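Peer 1: Sequence:
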Amino acid sequence: MSNFVESSEHPLSIEGLKSRLVIGIAAILAGFVQLIVIIFGPLFGKNIIQYHFSDSSLIQLYGQEIVSLILVVPALIIGGILWIMRNDISTYLLAFSSGNIIYNGLTYGLFSDFAIPGNSERFSLLFIFLINVGLILVVTSYRAFNQKKIDYNQIKRKQITIIIIAFGTILTLFLLLWLKQVFEVTIIGTTNPSSIYEDNKNGFWLIKFLDLGIAIPLGFYSTYLLWKRSSKSFPLVILLYSFFASMIAAVFGMLITQFVFNDQSITFGNGVIFGLLTVVTWIVYIKLIIIRQSAIKKKKENSL
Numbered sequence: 000m001s002n003f004v005e006s007s008e009h010p011l012s013i014e015g016l017k018s019r020l021v022i023g024i025a026a027i028l029a030g031f032v033q034l035i036v037i038i039f040g041p042l043f044g045k046n047i048i049q050y051h052f053s054d055s056s057l058i059q060l061y062g063q064e065i066v067s068l069i070l071v072v073p074a075l076i077i078g079g080i081l082w083i084m085r086n087d088i089s090t091y092l093l094a095f096s097s098g099n100i101i102y103n104g105l106t107y108g109l110f111s112d113f114a115i116p117g118n119s120e121r122f123s124l125l126f127i128f129l130i131n132v133g134l135i136l137v138v139t140s141y142r143a144f145n146q147k148k149i150d151y152n153q154i155k156r157k158q159i160t161i162i163i164i165a166f167g168t169i170l171t172l173f174l175l176l177w178l179k180q181v182f183e184v185t186i187i188g189t190t191n192p193s194s195i196y197e198d199n200k201n202g203f204w205l206i207k208f209l210d211l212g213i214a215i216p217l218g219f220y221s222t223y224l225l226w227k228r229s230s231k232s233f234p235l236v237i238l239l240y241s242f243f244a245s246m247i248a249a250v251f252g253m254l255i256t257q258f259v260f261n262d263q264s265i266t267f268g269n270g271v272i273f274g275l276l277t278v279v280t281w282i283v284y285i286k287l288i289i290i291r292q293s294a295i296k297k298k299k300e301n302s303l
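Going by numbering that gives the first Met the number 0, the sequence shown opens with residue 0, and the numbers climb by one from there.
Take these hints with a grain of salt, some might be off.
Keeping only pairs whose Cα atoms sit at most 27 Å apart, straight-line, the calculated DSSO-like set for lysine-lysine is [stated by the list, open to error]:
no.: 1; residue 1: K231; residue 2: K297
no.: 2; residue 1: K286; residue 2: K298
no.: 3; residue 1: K286; residue 2: K179
no.: 4; residue 1: K286; residue 2: K299
no.: 5; residue 1: K157; residue 2: K17
no.: 6; residue 1: K157; residue 2: K297
no.: 7; residue 1: K297; residue 2: K286
no.: 8; residue 1: K231; residue 2: K296
no.: 9; residue 1: K179; residue 2: K227
no.: 10; residue 1: K297; residue 2: K227
Quick list of the computed label-pair ranges, beta carbon to beta carbon [claimed, not checked]:
no.: 11; residue 1: N131; residue 2: I163; range: 29 to 39 Å
no.: 12; residue 1: V271; residue 2: F208; range: 20 to 30 Å
no.: 13; residue 1: N201; residue 2: N261; range: 18 to 28 Å
no.: 14; residue 1: K17; residue 2: T168; range: 43 to 53 Å
no.: 15; residue 1: K299; residue 2: N145; range: 17 to 27 Å
no.: 16; residue 1: G270; residue 2: L211; range: 14 to 24 Å
no.: 17; residue 1: K179; residue 2: V21; range: 38 to 48 Å
no.: 18; residue 1: G270; residue 2: L178; range: 14 to 24 Å
no.: 19; residue 1: V259; residue 2: L16; range: 39 to 49 Å
no.: 20; residue 1: G212; residue 2: K299; range: 37 to 47 Å
no.: 21; residue 1: E197; residue 2: V21; range: 44 to 54 Å
no.: 22; residue 1: K227; residue 2: F260; range: 37 to 47 Å
Everything labelled a hint here was simulated from the structure, so no lab data went into it. A quick note: this is a predicted structure, and the numbers were derived from the prediction, not measured. Backbone N, C-alpha and C fix where the C-beta goes; we use that ideal spot for every residue, glycine too.
Full structure from sequences and hints, please.
Peer 2: So, in C-alpha cells, the structure goes:
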C-alpha cells in the first residue's frame with residue numbers, strides 16, 4: 000500500500016481509525032478556522048476582527064492572508080479528508096500547511112502593537128487553536144515521512160551541489176539583510192528607511208527573532224542534511240522544505256501587496272532577495288517531492 004499513509008496501527012483497527020479521524024478532523028477544522036479568521040478580518044472589509052497593526056503591517060497581512068486563502072485553507076481541508084482516507088498526498092498537504100498556520104497564529108497574536116486600537120485579543124483562542132493544530136500536524140507529517148524508507152543516495156552529487164550553492168547564497172543574503180537592519184537599530188536607533196522599524200517595533204523584533212533564531216538556522220541545517228544525502232535525514236529535510244515553501248509563499252504575497260500599495264517600508268533590494276529565495280525554495284521543494292515519489296514507485300515495483 001505504498002500509495003497510502005503507513006501507520007503503526009492496523010489500517011482497519013479501531014485505534015488506527017480513531018487516530019486518522021482525530022488528525023483529519025483537526026486539520027479540516029483548522030482550515031475552516033483560518034477561513035473564518037480571514038473573512039472576519041480586514042481583507043474583505045468586514046473588520047469584525049480588528050488587529051492592533053500599523054498600516055504597513057495590515058498591507059503585509061493582506062498578502063499573507065491571500066496566500067493562506069489560495070493555498071493553505073484548501074491544503075488543510077483537502078489534506079484532512081485525504082488523511083482520513085489514508086492517501087499519501089495528504090502528508091504533503093498537511094506538512095505544507097502546518098508551518099503556515101503556526102506562523103499565522105503567532106502573527107495574529109504577537110505582532111500586535113497595543114498602542115494601536117483594535118479588538119483582536121477577543122479572538123485569541125482561535126489563533127492559539129491554529130498554533131496547536133499546526134504543531135500536531137508537524138509531528139504527524141514527520142512520522143508519516145519517516146515511515147516510508149527513501150533511498151536518498153539516488154540524488155546525484157552535482158544536483159545537490161547546485162541546489163546547496165543556490166539556496167545557501169540566497170539564504171546568506173537574507174541573513175545579511177536582517178543583520179544589517181538589526182545593527183542599524185542597535186547602533187543608530189532606527190532603520191533606513193525608518194518606517195521599517197518605526198511603524199511596528201514589536202513586529203520588527205518578532206520577525207527578526209523568528210527568522211534569525213529559527214528559520215535561517217534551520218535553512219542552513221537543511222542544506223547540510225542535503226549535502227549528506229542521508230536516507231535517515233530525508234524526512235526532516237522534506238518537512239523543513241515544506242515549511243520553507245509555505246512560509247516563503249506568504250512572504251512573497253506580502254511583497255506583492257507592499258509593492259501594489261506602494262508601502263515605503265519595502266525596498267527593491269528586499270524584493271529581489273525574497274523573490275530569488277522564493278524561486279529557489281520552491282524548485283528544491285518540488286524536486287524533493289519528485290525524488291520521494293520516484294522512490295516510493297520504485298519500492299512498490301520491487302515488492303511486486
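Peer 1: Next pair to validate is K157 with K17; report whether the Cα-Cα distance is within 27 Å.
Peer 2: 45 Å, violated
Peer 1: Taking 27 Å as the top limit, are the C-alpha atoms of K297 and K286 close enough?
Peer 2: Judged against 27 Å, a Cα distance of about 16 Å means the pair holds.
Peer 1: Given the proposed pairing of K231 with K296, does the C-alpha separation stay at or below 27 Å?
Peer 2: It holds: about 19 Å lies between the C-alpha atoms, which stays within 27 Å.
Peer 1: Tell me if the straight-line CA distance from K286 to K179 falls inside 27 Å.
Peer 2: 32 Å, violated
Peer 1: If I claimed the Cβ atoms of G270 and L178 lie 14 to 24 Å apart, would that claim hold in this structure?
Peer 2: 19 Å, holds
Peer 1: Do the Cβ positions of K17 and T168 conform to the proposed distance bound of 43 to 53 Å?
Peer 2: 47 Å, holds
Peer 1: Verify the proposed pairing of K231 with K297, using a straight-line Cα cut of 27 Å.
Peer 2: Since the Cα atoms of K231 and K297 sit roughly 18 Å apart, the hinted pair holds (cutoff 27 Å).
Peer 1: Between the alpha carbons of K286 and K298, is the straight-line distance 27 Å or under?
Peer 2: With Cα atoms ~18 Å apart, K286 and K298 stay inside 27 Å; holds.
Peer 1: Indicate whether the distance between the beta carbons of N131 and I163 respects the range 29 to 39 Å.
Peer 2: 34 Å, holds
Peer 1: So the hint says 14 to 24 Å: do the beta-carbon atoms of G270 and L211 match that?
Peer 2: Given about 20 Å between the Cβ atoms, the range holds.
Peer 1: Given the range 17 to 27 Å, decide if the beta-carbon distance of K299 to N145 lies inside it.
Peer 2: 18 Å, holds
Peer 1: Is it true that the CA of K297 sits at most 27 Å from the CA of K227?
Peer 2: Since the Cα atoms of K297 and K227 sit roughly 22 Å apart, the hinted pair holds (cutoff 27 Å).
In summary, the structure is inconsistent with hints 3, 5, 9 from the numbered list given earlier, while agreeing with the others.
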